[in-house]
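Turn these sequences into a full structure, and let the hints steer you where they fit.
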Amino acid sequence: PRTANDQLPASRAGTLLALADRMDSLVGLFAVGLVPKPTADPFGLRRAAIGIVQILLEKKILLDLERAFKLCAANQPVEVSEDALQSVQNFVTRRMDAWLIERGERYDLVRACLNENARCPAVASARLKELNNIVGDERKCGELGTALEAYGRPSRMIKSQRADLLELESDAVPDVDVALFDCDEEKALHFAIVKAEERLADDRSIDGLIVTLVGLKPELDAFFDN
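Heads up: the sequence shown begins at 1 in the working numbering, then just goes up one per residue.
Hints are computed from structural coordinates only; laboratory data are not their basis.
Misleading hints may appear alongside valid ones.
[To be verified] List time: in silico BS3-like cross-link candidates among lysine-lysine, alpha-carbon distance up to 27 Å: (1) K217 with K187; (2) K37 with K70; (3) K70 with K59.
In structure tokens, the structure reads:
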């Protein structure tokens, strides 16, 4: 698309070419410091970023932008720094933020989704639709509040006492030694968490997460209170 209201490429080949062309331009020009200024964008990089967002969102293409930009960088005739790649990602994220808000989406919901899912715009868009359904449903809003309570208490404790664990990939988190448990509440919470992990492996939706956290709350409360 050449403008916000232009037609998207109709064929798969056209779609791939449109995405590759725009990504190549963004990565290459950011690498050599030709970043758009508030009052000047001579290479049309804002338009290129919006074109990427439009194609990925409207065609529901599951593309990891971070990985795609790295592939583009590997094929540039100049060196592309990590800072330049991060700047490209941030630039596209800001364009996506503005594009969604201009179409009437709530800014707080948009930013909540982009905070975790900006590298895959189609996933961010799907999460945004889920959140819109939740905030428009009184019962689901109540469940969301309960889920946030369940998440908040242990989350605050980890952040204050073992923030280093938050930086680990899931497969690098130390195993739990159940032989060290010395009370029934520990055992019950561990069993509930194992079951929750199994459930989330099959259901990655926000609804699935809320239901799982709500289900964990009794064991969490018993663990902390007793």
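These are the hints, each one checked on the structure:
1. K217 with K187: Answer holds: K217 to K187 is near 15 Å, not above 27 Å.
2. K37 with K70: Holds: K37 and K70 sit about 24 Å apart, inside 27 Å.
3. K70 with K59: Holds. K70 to K59 sits at ~22 Å (cutoff 27 Å).
The structure shown violates none of the earlier numbered hints.
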